[in-house]
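One point on numbering: in UniProt numbering, the residue at position 3 of the sequence shown is 3, and numbering is uninterrupted.
For the record, the hints were derived by calculation from the structure and aren't laboratory data. Worth double-checking, as some hints may not be accurate.
As the list claims (entries may be wrong) - Computed spacing ranges between beta-carbons, pair by pair:
(1) K36 with V4: 44 to 50 Å
(2) I30 with G9: 27 to 33 Å
(3) L18 with D41: 30 to 36 Å
(4) T29 with A2: 38 to 44 Å
(5) Y32 with M1: 43 to 49 Å
To be verified - Listed below are the simulated SDA-like cross-link pairs for lysine to any residue, each with C-alpha atoms no more than 25 Å apart in a straight line:
(6) K3 with L15
(7) K39 with R28
(8) K3 with S14
(9) K36 with V24
Heads up, the beta-carbon is just placed ideally off N, CA and C, and yes, glycines get one too.
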Amino acid sequence: MAKVCQAIGKSLFSLFLLNIIREVSCYRTIHYFCGKYLKEDAQ
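Produce the complete structure using the sequences and hints provided.
Rendered as structure tokens:
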């Protein structure tokens, strides 16, 4: 039973990490493109 709990915990943790990484990369991409457009508008 402990092994099952450990396996579930590990898979949930990896999913959690993947979600954070995906959100951060998404945010960075949006931030990058917005920054490019804002710089072009400023000029």
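Hints, one by one, checked against the model:
no. : hint                     : verdict
1   : K36 with V4: 44 to 50 Å  : holds (48 Å)
2   : I30 with G9: 27 to 33 Å  : holds (32 Å)
3   : L18 with D41: 30 to 36 Å : holds (34 Å)
4   : T29 with A2: 38 to 44 Å  : holds (40 Å)
5   : Y32 with M1: 43 to 49 Å  : holds (46 Å)
6   : K3 with L15              : holds (18 Å)
7   : K39 with R28             : holds (16 Å)
8   : K3 with S14              : holds (16 Å)
9   : K36 with V24             : holds (18 Å)
Of the hints listed earlier, there is not a single one the structure fails to meet.
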